[in-house]
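The residues making up each chain are set out below.
Protein chains: 2
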Amino acid sequence: MMAASGALMALPRTAAAAAPANWDWARREIEKRHDESIKRIQTWIHTPSIAAENRNYPAGAELTAELFREAGFQGVTQVPTDGKPGVFGYIDAGAPRTAGLYFMYDVKQFDPAEWSSPPLEAALVDKPGLGKCIVGRGAVNQKGPEGTFLAALHAIRGAGRKLPVNLVMVAEGEEEIGSPHFGQIVRRPDILAALKKCTSVYMPSASQDPPNGTVEITLGAKGIIELELVSTGAKWGRGPDKDVHSSLKAMLDSPAWHLVMALNTLVADGGNTPAIEGIFEHVRPLSDHEKAMLAKQAGEPGAEAVMKKALGVKRFINDLEFRQALERLASQPTVNIEGLVAGYTGPGGKTILPGRAVAKLDLRLVPNMTAAEAEAKLKAHLAKHGFGDIEVNVTGGYDPTETAEDSSLIRATKAVYGRAGVEIDVGPRSAGSWPGYIFTGDPLRLPAGHFGLGHGSGAHAPNEYYVVESANPKVAGIDGAALSHVQFLHELATIK
Amino acid sequence: MMAASGALMALPRTAAAAAPANWDWARREIEKRHDESIKRIQTWIHTPSIAAENRNYPAGAELTAELFREAGFQGVTQVPTDGKPGVFGYIDAGAPRTAGLYFMYDVKQFDPAEWSSPPLEAALVDKPGLGKCIVGRGAVNQKGPEGTFLAALHAIRGAGRKLPVNLVMVAEGEEEIGSPHFGQIVRRPDILAALKKCTSVYMPSASQDPPNGTVEITLGAKGIIELELVSTGAKWGRGPDKDVHSSLKAMLDSPAWHLVMALNTLVADGGNTPAIEGIFEHVRPLSDHEKAMLAKQAGEPGAEAVMKKALGVKRFINDLEFRQALERLASQPTVNIEGLVAGYTGPGGKTILPGRAVAKLDLRLVPNMTAAEAEAKLKAHLAKHGFGDIEVNVTGGYDPTETAEDSSLIRATKAVYGRAGVEIDVGPRSAGSWPGYIFTGDPLRLPAGHFGLGHGSGAHAPNEYYVVESANPKVAGIDGAALSHVQFLHELATIK
Numbered sequence: 013m014m015a016a017s018g019a020l021m022a023l024p025r026t027a028a029a030a031a032p033a034n035w036d037w038a039r040r041e042i043e044k045r046h047d048e049s050i051k052r053i054q055t056w057i058h059t060p061s062i063a064a065e066n067r068n069y070p071a072g073a074e075l076t077a078e079l080f081r082e083a084g085f086q087g088v089t090q091v092p093t094d095g096k097p098g099v100f101g102y103i104d105a106g107a108p109r110t111a112g113l114y115f116m117y118d119v120k121q122f123d124p125a126e127w128s129s130p131p132l133e134a135a136l137v138d139k140p141g142l143g144k145c146i147v148g149r150g151a152v153n154q155k156g157p158e159g160t161f162l163a164a165l166h167a168i169r170g171a172g173r174k175l176p177v178n179l180v181m182v183a184e185g186e187e188e189i190g191s192p193h194f195g196q197i198v199r200r201p202d203i204l205a206a207l208k209k210c211t212s213v214y215m216p217s218a219s220q221d222p223p224n225g226t227v228e229i230t231l232g233a234k235g236i237i238e239l240e241l242v243s244t245g246a247k248w249g250r251g252p253d254k255d256v257h258s259s260l261k262a263m264l265d266s267p268a269w270h271l272v273m274a275l276n277t278l279v280a281d282g283g284n285t286p287a288i289e290g291i292f293e294h295v296r297p298l299s300d301h302e303k304a305m306l307a308k309q310a311g312e313p314g315a316e317a318v319m320k321k322a323l324g325v326k327r328f329i330n331d332l333e334f335r336q337a338l339e340r341l342a343s344q345p346t347v348n349i350e351g352l353v354a355g356y357t358g359p360g361g362k363t364i365l366p367g368r369a370v371a372k373l374d375l376r377l378v379p380n381m382t383a384a385e386a387e388a389k390l391k392a393h394l395a396k397h398g399f400g401d402i403e404v405n406v407t408g409g410y411d412p413t414e415t416a417e418d419s420s421l422i423r424a425t426k427a428v429y430g431r432a433g434v435e436i437d438v439g440p441r442s443a444g445s446w447p448g449y450i451f452t453g454d455p456l457r458l459p460a461g462h463f464g465l466g467h468g469s470g471a472h473a474p475n476e477y478y479v480v481e482s483a484n485p486k487v488a489g490i491d492g493a494a495l496s497h498v499q500f501l502h503e504l505a506t507i508k
Numbered sequence: 013m014m015a016a017s018g019a020l021m022a023l024p025r026t027a028a029a030a031a032p033a034n035w036d037w038a039r040r041e042i043e044k045r046h047d048e049s050i051k052r053i054q055t056w057i058h059t060p061s062i063a064a065e066n067r068n069y070p071a072g073a074e075l076t077a078e079l080f081r082e083a084g085f086q087g088v089t090q091v092p093t094d095g096k097p098g099v100f101g102y103i104d105a106g107a108p109r110t111a112g113l114y115f116m117y118d119v120k121q122f123d124p125a126e127w128s129s130p131p132l133e134a135a136l137v138d139k140p141g142l143g144k145c146i147v148g149r150g151a152v153n154q155k156g157p158e159g160t161f162l163a164a165l166h167a168i169r170g171a172g173r174k175l176p177v178n179l180v181m182v183a184e185g186e187e188e189i190g191s192p193h194f195g196q197i198v199r200r201p202d203i204l205a206a207l208k209k210c211t212s213v214y215m216p217s218a219s220q221d222p223p224n225g226t227v228e229i230t231l232g233a234k235g236i237i238e239l240e241l242v243s244t245g246a247k248w249g250r251g252p253d254k255d256v257h258s259s260l261k262a263m264l265d266s267p268a269w270h271l272v273m274a275l276n277t278l279v280a281d282g283g284n285t286p287a288i289e290g291i292f293e294h295v296r297p298l299s300d301h302e303k304a305m306l307a308k309q310a311g312e313p314g315a316e317a318v319m320k321k322a323l324g325v326k327r328f329i330n331d332l333e334f335r336q337a338l339e340r341l342a343s344q345p346t347v348n349i350e351g352l353v354a355g356y357t358g359p360g361g362k363t364i365l366p367g368r369a370v371a372k373l374d375l376r377l378v379p380n381m382t383a384a385e386a387e388a389k390l391k392a393h394l395a396k397h398g399f400g401d402i403e404v405n406v407t408g409g410y411d412p413t414e415t416a417e418d419s420s421l422i423r424a425t426k427a428v429y430g431r432a433g434v435e436i437d438v439g440p441r442s443a444g445s446w447p448g449y450i451f452t453g454d455p456l457r458l459p460a461g462h463f464g465l466g467h468g469s470g471a472h473a474p475n476e477y478y479v480v481e482s483a484n485p486k487v488a489g490i491d492g493a494a495l496s497h498v499q500f501l502h503e504l505a506t507i508k
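Taken in sequence, the protein lines are chains H and S. Residue 13 is where the first sequence starts when you use my numbering, and the numbers rise one by one after that. Residue 13 is where the second sequence starts when you use my numbering, and the numbers rise one by one after that.
Watch out, some of these pointers could steer you wrong.
Since the list can't tell identical chains apart, any single copy or any two copies may satisfy a pair.
Subject to a maximum C-alpha distance of 20 Å in a straight line, what follows is the list of computed EDC-like cross-link-like pairs (lysine to aspartate or glutamate) [what the hints assert, rightly or not]:
#: 1; residue 1: K308; residue 2: D437
#: 2; residue 1: K254; residue 2: D104
#: 3; residue 1: K51; residue 2: D36
#: 4; residue 1: K51; residue 2: E385
#: 5; residue 1: K308; residue 2: E417
#: 6; residue 1: K321; residue 2: D253
#: 7; residue 1: K254; residue 2: E316
#: 8; residue 1: K396; residue 2: E385
#: 9; residue 1: K254; residue 2: D123
#: 10; residue 1: K389; residue 2: E65
#: 11; residue 1: K254; residue 2: E126
#: 12; residue 1: K326; residue 2: D253
#: 13; residue 1: K320; residue 2: D253
#: 14; residue 1: K326; residue 2: D401
#: 15; residue 1: K508; residue 2: E387
#: 16; residue 1: K247; residue 2: D331
Hint data in this document are derived by calculation from the structure and do not stem from the laboratory. Keep in mind that this is a model prediction, so the values were computed, not measured.
Based on the sequences and whatever the hints tell you, model everything.
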């Protein structure tokens, strides 16, 4: 399917290495297409695909495929899975090297009542200190940065230039539910073969933080499993299999208490340390080098205050110092309650004994844990403690992912950011999760990460935004971010 | 306000004791008014007052007042409270004795989607083995039985007969949220003075159980407090004060885990025994006589199987025998989870760490506990165990209530049921709760209970019903139940 092999691969590297040092051509073309680039992102936001709500499938995949075709991708097809479809495409530029791209076209759930402008309208809003922003669900996670990458491709073609690398694109529509079928996309023989030609895989992101425009490069990400624990009288064989009058508690077992007691065994230390048996078995402590990176981050003036204010917190776990809290964030597995649902949830009370109770959890994983291991240990723990009847419904999960600091991907990232004059923080591991392990693990074992100037915030929260015209000269708007992608593609083509 | 005193009270008791032994006059008049009686209950059901939803106030009170006036009550007025209004009225029949009545005009919340006929339509539905039933919210709890009592009054007046007792009526519209302001109604000086003239207070009920038509007389009821436990980052001073990304669990405390751990301290024995410190201090064990009553109930052939089937359970707590389970039901305080609400409650998951978590609880109380004591001990327990920041929002509560088996009320109840030829079970205590303590406690210290033939079921559940034309000769329909009320009023007038 991909022609970027054989004779073409034999071309001398110096051909590609003759990258332009002057980017005026790209800047001009990007600026010419500024409005078109914004419009593309807005159009994408208008059609939110949400796997948890079965919303806009396959419409979201169809629109994504169309955006890929318009940006020059060839052989664009939907990839059926047991869940929502993926989208695959490639660009054979006749270049010696091939870069992999990972996109997601789904977005997080949202409640319009919590937003100051309609989340699907993708309104352009002036935000003090930031500039003109697209406000909408998916603005920064990830349609804004992804649309910016597509803008870079449009600019290269519009300027009559040749892509410096071939591209392989894999996109999925289930990232927000833990990518349960992404493996089916990547492991399809033709797609796997295409990815094997890549030197690395990356995801466009808006990596800058105001006010200084600092970018953080993370050398990996935690893994995750997301799941529901469901306690029912029917499965337990105790208590009612439906809601009954609450006075009967005196003679009947309660599936809701059963769930509470099961939950209570999963954590220690005030809910802060996982107590699932054996869960720490493969946890690898931070290296001195990783600790040093975190100490540097902790030492940034004002960083702690900014973070606490943004999160609405007064203190960290156990009143830890910032450095210790960052170490914990990077190195510790967690058991988190995303939600609790049982019985009567409306206003006031209702005198019932519920027949069913549900806890929604996520477990974050660090090297060298795996998602399969965490699920197995959770189930074994529950069974051993007398809660084997509680259903463990895992909806998705990732292994942790890691990429070496001396890989071509990270070196290229540092080079482009460095030439842009932005300050770089290197962190050992993002606490958030993405399915990078699909690329960094067997059989591909590729470097995988994120790249992109620009800024946005509010992923998973109301009023998510992405800066398109920056009021801060240290932070790129959509045009500066698109330029960084043009530069990065050339860097990937030439880096030693 | 009430004239049933002075000279009238001095009339010889034998005058009232000359009660008719032949009830044909009442039966005829009741049957003549059969359709009108059904229509009255249906009309009442069409206007559901639900305090938790602030629905139909004062409309429900106005309608109730109108129904009282039509049935012959005098001086009918709404009684303002800090919550929903009560309704007061009386009938001065010039009789030597006065009986008190307790009505509620509110109903439990409902979800129409769960019903087989619209819950406010009060449709007449033929139920196999039962007969023609009104199906609707409030059908048995308590508009059906209360409407049947009003039908008895209409029949007495329609037949040109004189009421054998004076009546004092107190009704409230907040029973289903724990009667938080009922004390304000009963303790209003003129109402309290009227109640002080009563020999007892009762609530109409549909006390028969198919298939044998057995009635249960309970000599009291458990008390209750209903409350929300609310854990927030803001009050705790730890964790976020809003929902944040779940990856931050590694460095932030979780109000949801805080709640789970607090809940876990409230119970022992798999959730079945309250572990609130000192909660058993005033719990009075069952007497031998009470145990004997329960042993008799447990020994009824088929009773255990019928109950387990109705509740959808396979076994009782700790696999107790039926007799032991009934003893537990009558004698043990409970801590029940009515509902849990935290964070994301929709389909699938959402990677958040919620800033707020709520548990809805009810605690059932036995003699000699009080509602105020239970609330104070719960709060002290939480504070002592490090959960003093968790809000305890009590929405309502009752002390336990008890009435002596040799009181005139219970003896009259036994006498009327006995003459109707129905089998009588006497139980020490209902596990459900009603605000009888307002009458049995200080300052009134009156016998208080329930009376009425007839059958219905599904209080607090979908498809609540009340039998109006019984297919089972051992169970009264609405006419037989109305006749039992006519007979009971005469019995109260004459019992020694």
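* For the identical chains here, do K321 and D253 meet the 20 Å Cα criterion within one copy, between copies, both, or neither? -> between (45 Å within a copy, 11 Å between copies)
* Asked: Between K326 and D253, at a C-alpha cutoff of 20 Å, which is it: within one copy, between copies, both, or neither?
  -> between (43 Å within a copy, 9 Å between copies)
* To do: Classify it for me, K389 with E65: is the Cα-Cα distance of at most 20 Å met within a copy, between copies, both or neither?
  => neither (29 Å within a copy, 44 Å between copies)
* Intra/inter-copy verdict for K247 and D331 if alpha-carbon distance must be at most 20 Å -> For K247 and D331, the Cα distance is within 20 Å only across copies (16 Å; inside one copy 41 Å).
* Asked: With identical chains treated as interchangeable, where does the CA-CA distance between K51 and D36 reach 20 Å or less: within a copy, between copies, both, or neither?
  -> Close neither inside one copy (23 Å) nor across copies (85 Å); limit 20 Å.
* **Status of E385 relative to K51 across identical chains (alpha carbons, at most 20 Å)** => neither (44 Å within a copy, 64 Å between copies)
* Taking 20 Å as the upper bound on the Cα-Cα distance, should K326 and D401 be classified as within, between, both, or neither? -> Classified as between; 15 Å across copies, 39 Å inside a copy.
* When no copy is named, should K308 and D437 be tagged within, between, both, or neither for a Cα gap of at most 20 Å? -> Answer is within: at 8 Å inside a copy they meet the 20 Å cutoff, but 77 Å across does not.
* To do: Give the relationship of K308 and E417 under a CA distance limit of 20 Å: within one copy only, between copies only, both, or neither.
  => within (16 Å within a copy, 79 Å between copies)
* To do: Could you figure out if K254 and E316 sit no more than 20 Å apart (CA to CA) within one copy, between two copies, both or neither?
  => between (48 Å within a copy, 18 Å between copies)
* With identical chains treated as interchangeable, where does the CA-CA distance between K320 and D253 reach 20 Å or less: within a copy, between copies, both, or neither? -> The answer is between: 11 Å across copies meets 20 Å, while 44 Å in one copy does not.
* How do K254 and E126 come out at 20 Å by Cα distance, when the copy is not named: within, between, both, or neither? -> between (33 Å within a copy, 12 Å between copies)
Hints 2, 3, 4, 10 and 15 from the earlier list are contradicted by this structure; the remaining hints agree with it.
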